[in-house]
Structure formats: structure tokens, C-alpha cells
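Number of protein chains: 2
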Amino acid sequence: MKLEKYIACSRAAQKLDKAELVLKNAKIVNVFTDRVEDGNIAITKGMIVGIGDFEGIEEIDLKGQYVTSGFIDAHLHLESTMVNPQVLISQAARHGTTTFIVDPHEAANVAGTVGIDYLLDQTKDSPAHVYFMIASCVPATEIDDSGAILTAKEMEKYIGNRRVLGLGEVMDCFAVINGDPKMNAKLELFDGKVKDGHAPGLTDEQLAAYVMAGITTDHEGSSYHYVMKERSMGMTCHIREGSAARNLERIVKGIVEHNDNTEGFCFCTDDKHIEDIMAEGDINFNVRKAVSMGISPIAAVKMATIQAARCYGLRRTGAVAPGFDADLVVWDSLKDFNAQMVFYNGELINDRLKIRPKPCPPELMNTVHLAEIDPKKLVIKADGKPFPVIGMIPYEILTERKDVVLPSTVVTGEDGTEESIFAPNGEIDKIAVFERHHATGKIGVGAISGFGLKGGAIASSVSHDSHNIIVIGDNDRDILTAVRELERTGGGYTIVENGEVFDTLALPIMGLISDRSYSTVSKKLKKMKNKAYKMGIPKTMDPFISLSFMALPVIPEIRCTPRGIFDVKKWQLL
Amino acid sequence: MKLEKYIACSRAAQKLDKAELVLKNAKIVNVFTDRVEDGNIAITKGMIVGIGDFEGIEEIDLKGQYVTSGFIDAHLHLESTMVNPQVLISQAARHGTTTFIVDPHEAANVAGTVGIDYLLDQTKDSPAHVYFMIASCVPATEIDDSGAILTAKEMEKYIGNRRVLGLGEVMDCFAVINGDPKMNAKLELFDGKVKDGHAPGLTDEQLAAYVMAGITTDHEGSSYHYVMKERSMGMTCHIREGSAARNLERIVKGIVEHNDNTEGFCFCTDDKHIEDIMAEGDINFNVRKAVSMGISPIAAVKMATIQAARCYGLRRTGAVAPGFDADLVVWDSLKDFNAQMVFYNGELINDRLKIRPKPCPPELMNTVHLAEIDPKKLVIKADGKPFPVIGMIPYEILTERKDVVLPSTVVTGEDGTEESIFAPNGEIDKIAVFERHHATGKIGVGAISGFGLKGGAIASSVSHDSHNIIVIGDNDRDILTAVRELERTGGGYTIVENGEVFDTLALPIMGLISDRSYSTVSKKLKKMKNKAYKMGIPKTMDPFISLSFMALPVIPEIRCTPRGIFDVKKWQLL
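Chains as they are written, first to last, in my numbering: chain A, 322 to 895; chain B, 322 to 895.
Quick caveat, the hints were computed from the structure, so don't treat them as lab data. Please read all numbers here as calculations on a predicted model, not as lab measurements. Please note that the accuracy of each hint is not assured.
The list treats identical chains as one, so a pair stands whether inside a single copy or across any two.
As the list claims (entries may be wrong) - With a straight-line Cα cutoff of 20 Å, these simulated SDA-like cross-link-like pairs (lysine to any residue) come out: (1) K326 to K503; (2) K348 to E376; (3) K775 to E358; (4) K514 to N482; (5) K503 to M322; (6) K503 to I328; (7) K514 to R484; (8) K514 to R637; (9) K445 to C681; (10) K384 to D653; (11) K336 to K891.
When you get a sec, could you build the whole thing from the sequences and use the hints?
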């Protein structure tokens, strides 16, 4: 701390000067002693300087309301909001989240360090602490076709950046445990810093090898049994409640039943849409839900604050105590956790919520590059044998492999011969992924069940993790129309029905983010989602988010990539 | 981790290769889940690679005995052993302490970075991890007369040293909270690293200001009330059981009575003599005592292992889990905590306990430099008014100020006038401190009660923190004889009786450490302590250790320094 600031704070702490701001009559949750204390909170220069009997130049009477430190989202991606990242930060901050641990994985996969720098720049002046974990898997795996490749060398420039805390979620578990030298170089580069994990479905032995590489967190645990296996190896488990993946209920149920300590747990959203944040809250939603299931309010607050701060080495974040940043939330109760006031660095955030996008580098506005498409590449022969169909699972981003005989029809080829080909029937649709970064012409085609789409196609350039163009449809014509529409708009979401584009949400920034306001994007998205549900998508999923995970080869069990259908468990193209 | 090592460990973890060593049939304390698990511990290249059903090239059957990670002494000084630092490390390691957080404060005060480097060098190949916190207060305070001055500039060379974890105990609390620029420069130099505290007796406001400077630990807390004040501000409290200061009982009693969480507590010895370690153990003694008072064995083990490791940012220390250093202790029970086997980096330490001193730099062998002594400087006039006497307190290094009229006698001066001077009577003795580093001739003289010495003088060049020559006696002749004896030997302990040197333990290395074996030193020390007790020193103190703290101006309430009597509370020379 600069000496001048320290002296001002020390004088206020010692009551030699009045504090700049005093929050009077607070019930303060002390995350160190597990007690709730009555007191006044003195703040000077954005820092808490004391708890006790203080007078301030400015004073706010909290009338006995509860105060905790601002909550921490221990792991999230900002790109999934599809609007300027400031929007999510501002919305979540209203709900009491004042620290964000961001993994710029999507931007990095499309645009490398330029994408990461874009997010760092856009979030610089947020009403919250926004820290970054540098994307470790760009491309996500060796079988991915991403827009950029990040090696340890490109990452070096982030070492020493105060807003960079470590290495982002290491998805390529096998590169780690097999000792891939390129992966090792990244792990070594971030030696002594935090390395986030992403490790669903590993065996005990694989998980041990993975942890041994120095990877200390995971947010992918979806069962109590699995997270306790991770905990027993010392991992910190981020309990996730996002828009798509919701793991809290199963994990917390187990913790409560077994009366486990909650020391190694934090909360995260991973990917949460702004409308969901507006509707139910952000990390305060995780806390509220955990408390409703039987976690003590103080334990839940610790998970949302000091434990996440300690996990990421943030020494001045996560507690209402002298020397900590004055990130403070006034709550209605320790049951409902509705934020009444939010302070970031000692200032009420109300005046800092206006979105002020910064200029976008031109190269991020032109990232969709498709080769000429040969429609024949979309055809799947139906030979009467079982075919590895991607089975979508309600409320999950996991998939299951279903080997079934595809519905088929007989067509006559150009040479006059008849052949039996896959004919989607709305129960089993066609899925295709088009490489879109370097116009390589790679197209992977497969079959998918559970999406239920009839009479059209739905496509997206948001498609984890490489963000190629992914499309599901029940006929090839609409599939191609959808892909060409996204080529035209430089990326986005589109719905095609009976040969016509119904509507398109353009996402021209990296094919991930809109240059329009949140309300514009939100209105259009609502309309498009309603349409998607009318076209048969079940209400157990979000049409676009669920679609966007179907090309992701790091989550079991089976995916479609630009190189073809991929069995994640066997780690091979089929 | 180097890739070659990682691959070997990963292969063993995945059971593709046999582990190098497997400890079979262990009851393993898991500090993450708070459970005791039955299992085998697989070890390769000094690292734990897995817990479970493993086979090893070498196997040891533990027959159901308990295993924890090696214990951590969160704060200690090695110089107080007065022998080569390897001796303490080896002895404590036998009792299951495998990680030491060392503050080379005494060596630094005598010999600056040369002294620190000596300790780093001597402990390099120990059968334990020996980490250093760089002494922050050299001299301890502005009113100290030390042998060396360490500014931030001299400390820079330690940044980046893997064995240096941060800044050593910051004793000069007022330099901190008053914003002294030299202190601030040191705190800034270690920004992002751990900064150890030393903060007894501060008010709430002072402690808040101190913590705000980023100082996060304290080992000086001697009451439950005080450590809970520190805990409420987020400090980690090291519960100390040393040879002189024993704080565990009072603190643990409070924790147990109030059912407090033990998350922010560790254990330390601070200063523990080798004979005490041999007699009662090291950190396992703290653990045993805490458990006997009602702390759960698992909570106590966590305080002695993972909590200390986390406090100091040691990511691979403190747990029996994959990826952690194979520092393991096999215990007889989780009640008695007698170490049956100790492994450091996967090797039984038995073969590594031989002491192999490394050469000592010549400048460290010649550090006692006294000016010509004018005996008149020892005289204290007795004017019949109350005199600020240093009151020693049984079992404590704290002192209390007692303003009493000194016993006196009338003498005739050279000019024939009579004057009344202080005449020690065994209840109130004379204390004197002679500057010995730069031959400045400074001599502080005072009166002390509670030492009870009759018929001689006891002197030491070990005298916290500046290690000038301190002496207590009941007559000036013996006081001078004792000081001259230590000048002759280059420092040490000496006892003078009726004008004759009874015996001297020479400590020629910095005036702090002997160049002889432990058994030689120990035998002599025993003899000398027995003599001291016979001369009147009460059994409620260790004659030499208690003596060595009487010049220390950072512990309340009153001390004698080369500049005179010092009131710690008022922070002024009297």
C-alpha cells in the first residue's frame, strides 16, 4: 500500500482523524470468528479501517441490518452474456457480487491474446474487482479447431499483471496426466499461482495425477460423491449454479446429510445469463439456496467470501475487518439474502452502473471465415447398423452415447444408384459443425436426440470451446441457410424455418458478443427462444445454450466437432 | 515440477508403474474431509502419488497405525539453541516436525545478511523443510544498538529465494502504525508475501492499524481474549509453547469453553531448547496438550499441518494427499502423539540425523567489541525517591514496572563527599547492558527484582534483540569480571561468584552459537544452571533465557538497554 494511503487509513483507525464513511448500527458477519457482531464499520480511502465506535465525515444508519463482505463468483465466463461484459458485472454487482474470477476462454479461443485483452480492457473500470485466469486450453484439446493457439510463450505477458491470478480451467486433463510438454510449460509458467481445474468424470487414479500437477480447483463436480473425492485430495470445489449447469442441490444435500465441513467450498456461476441474474440473483442465489437446504448462514457466507478469496490469494478481499477492501453488502436477512445496498471500495455502486463500452479492435469484428460448402458433406449414410447418436440430457450439459439405428430414407444419387441416408424425424435430428476461423472447410456431421427440432434449423457461432458454427436441423436446406446467415452477420444465433430465416441475433464481436444494448439483445433473444420452443425444443433446456455445448469435446460422453463425432470417454473420433 | 519427475509420479499414480514406496495399512488423517481413512500411501520421487490400493517396490506395513503429514513449527528462532542449527532441526524432526518457519532475527541483529546467510547455509541439507522469514526489525527498534542495520535495500536479495517466504516478525509496531517510511519500504518489498507479526498489548485501534499494513500472523498472544481480538481481524494466531513462553493453556481453554472454530490457529515454539524438545517433544507436544484439553485430534492436526502450510503459502505441504510432499509421521495414537516413524520427502529420516556443520565465515567468529569500561558508569544514585525497577514475572517474559525506593548504602566519593547509592540485596539486583558490537561504550544500568541472585553475577551475550552483553549481579566487581570474561571468549554465558569465574559457555559464533557439540554444550549448561539456582535464581525461570529477554524493548513493560531503562508502554527512556 502506498504510504500516503496507509497513513490516512492508520490515522482513521486510531481515531486521530474522522473516517470518511461510517456505516452505523450494522450486524456484521465475522467470517473469522463465525460470530455476528453489532458495530459500526469505519471506511477511509476505500478500505475498512475499523469496527467499533467510530464517527465519520459521512454516516449511514443501517438500522440493524446485516452486513457481509461482497460475494465472490469464483469462476465465470463473461462472453456467454453476448453483450458488453460490463453489463453482467453491473447486474451481478447489484445482487452483491463484488469480485469476479473470470476465465476469458471463449474470447481466447476465437482471438487469442487480442480477445483476452479486449475483456481485460472492457472490465477495467467496473464497479467490482474483475480478476482473470488465463485460458489454458486454446485450443481446448488437440482435436479442436480454434481461431487461435495460446502457448506458454504467448501467456508470458500476463505474468506480473495484477489482475491476472493464475491459469484458467485446465480442460485437457489427458494432456496434463500424460505429461504433454506444451501443457507442462503452461503449468510451469504459472508455478506458485493458482491453477484452475476442469475435471469431470476422472477415475481416482486420473484425478490424483491431475491434482499432482498443481491444479487446485474444480467447478465441474456435479455429484456429492465426486466433489468429496476431489475434496479428499485437497481441491477447492466451486459449487456451480449457472443458467445451464446447476449442481448445488446434489452437492449441498450430501454435505448437509454427512455434516461435512464446508472449508474447501466456494460458489460460482460459470455461465449465467443476465436475465437469470435479474430474475433470481447471482452468487446470493447460491447462498440463499444453500442456506435453505441446511447450510448455516455463516458457513454459506464464508463460502461466498473469504474461502474464495483465500483460494485465489486475494489478501484484502472477503471479510469485514480492518485492512480489507470496503466491498460490503447490506442484506435484508441471512435467509433471503436480498441486497439492499452494495459498496465497492467504499462507494455505493448505484452511480457506477452505467455501461460505457470501450472501442473494439477492428480485427475482433471480422472472425467468421467459411470455405465453400459442398452440401454432399452433410449426408450421413444409413447402413442399418447402430449409429453413435448424441443423447442430450435434461438440465445437464453432459451427453450420453446412444447407439441406435438411424431413421432413414432412400434417395437416388446423381449416378442413379439408390442409397439409404439418415432422415431426421424431429426425435433424432442432424447436427453439424462448420470450422469458421480459417476457412479450412472442415465439417463434422452427426445425429442428436433430445433436441426435438422440427421444420427448420437453429445455428450458433457460440459453440464451446472453439466457437465454430454449430447447427441442428431436421433438413439440410435449412441447415445450410442458417450457416450462411451467420456468415453474413459475422456470427450470432439464427433460426431458420421452412427455408426462411425467422430471425438472427448478430454477434459481430468475435462471433460471441453483440454491439447492441442489453435490452435490444434480450428482446430479440426472448422472441427467438419462444420460437425455438414452438419448433419442438423441450423446456428442460435453453435452446441456444444447450446447442452451444454439443461441440465441446472435454465433457462426457459424446460430441460433434468439425472433424466428426467424438467419443469423449474413449477420446477418439468415431 | 520438472516434467520428468511429474511423469514418473503420474505413472505411479495411475498404477502404470509401481510406486517406489508404499506405506501399507495406515489410518490416515485427512485434513480436508476431517475423516480418518484406512488405506495405503503410495510414494514416488518424494511425493505422495495416491492413497488406495497400491503396490510398491518397497513396502512397509504400518499395521493400522495413524499417519499424518509432518508437523509444522510456524515460527521459531534457531539461534537460541546455541549449537549448530542442524541439531534442533534433527531433534525436532525425530518428534515429527518436518517443516520449520525460521526467523533469523538474532543472527541478523548481530551480523546482518551474513548472519542470515549462515543460517540458510547450515540448514540447507536438513532432514526437513526449513523456510525463512527475513528479519524485519534490525535493529528491533530505533532505540536499539544492534550489530547490523537491515534496510529494504539489503533485503532485496532474498526476494525470489525459494526458501524465503516473507517478512519476519514485525516487532516495531509503532514504526508500522505511524507510517515510518523505512518500515513501509520493507512492507512494500514483501508485498504479496506473508508478513509475520509480533503485536502484544496493542489497543483495538492500534491492532487494526497494524493489521491494515498487511501483517497477518502473531505468535505473541498470551490470553484468549487477545488472540480472539486478533482472530476477529483475520490474523492467524500461532499458539506458542516454547522454553520460556507457554501460552497454550490459556488460549486453548478459551477456545474449548467457547467452542470456537480453530481455523485460524497454528502452533509454534518460538524459542525452545533442545533439552526440552528431547524431554517433551516439539510441535507434537503442542498438539498433545491441545488434545488433552479438549481440542479434537483432527482439529489439532490441522492446526499443526495444513493450516500452517496455507498460512505460509506452502502448496505442497501439510496433507496426506496426492501431490503433497511425502512428509509423513506414523504416530502411536491420536492422543499421545509419540512419533514412531518420520518420513521427509519419502525417506525415513533416521539416516539423515547426523550433524555436519558447514564452515563458518571468519567475520562471524569475532563479534564482541567493547570500549574501555569506566566502573563509575555502573553506579546508581539512591535519592530516596521511587525508582523504576524491572519486575520479573514467573513463567513469563513480560515484566512489570515497580516504582520502589532502592536499597542503599552510603559511600564516600573521591572528593570526600558522602553519597547514597543503590546497594543490591539479592531481592533487588543490579542489571547492566553493555553495547558490544561497535565499541561505543554505551552502558545502561538499572535495578531488577525477581532474579534473586546473591554473591555474584551472571552475564550473557545472548540478549534479545540486539545481543549486547547483559549482566545481573549483586556487586559491581563481579559484574565487571563477568563482562570481561565474555569479551575474552567472544561471547557466551558466564557465572561469576565472589570475584571468580565459576564457568563459561563460550559462544564464539556471533556471540550466539557454540562451535562445540550439543552434548558438550548441554553438559556445561546444566552445570551452570544448577549453579545459578544455587545462587538464588528461582526455579520459576530459566536463568539464562529469562536474563536474555531483559533488554528487549518490544515486550512490555520495562527493560534495560545500553541507553538506559526503557518504559515500553510509554515508549521512552526513563
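Hints, one by one, checked against the model:
1. For a Cα distance limit of 20 Å, the shortest separation of K326 from K503 across copies, 16 Å, qualifies, whereas the shortest one inside one copy, 43 Å, does not.
2. Taking the shortest alpha-carbon separations for K348 and E376, only the intra-copy value of 17 Å comes in at or below 20 Å, while the best inter-copy value is 55 Å.
3. For the homomeric pair K775 and E358, neither the shortest alpha-carbon distance inside one copy (59 Å) nor that between copies (54 Å) is at most 20 Å.
4. For the homomeric pair K514 and N482, the shortest alpha-carbon distances inside one copy (12 Å) and between copies (16 Å) are both at most 20 Å.
5. For the homomeric pair K503 and M322, the shortest alpha-carbon distance between copies (14 Å) is at most 20 Å, but the shortest distance inside one copy (37 Å) is not.
6. When the C-alpha separation of K503 and I328 is checked against a cutoff of 20 Å, the pair qualifies only between copies, where the shortest distance is 14 Å, while the shortest distance within a copy is 47 Å.
7. For the homomeric pair K514 and R484, the shortest alpha-carbon distances inside one copy (12 Å) and between copies (17 Å) are both at most 20 Å.
8. Taking identical chains as interchangeable, the C-alpha atoms of K514 and R637 lie at most 20 Å apart whether they share a chain (17 Å) or sit on different chains (13 Å).
9. In this assembly of identical chains, the alpha carbons of K445 and C681 lie at most 20 Å apart only when taken from the same copy (14 Å versus 53 Å across copies).
10. For the homomeric pair K384 and D653, the shortest alpha-carbon distance inside one copy (11 Å) is at most 20 Å, but the shortest distance between copies (55 Å) is not.
11. In this assembly of identical chains, the alpha carbons of K336 and K891 lie at most 20 Å apart only when taken from different copies (19 Å versus 65 Å within one copy).
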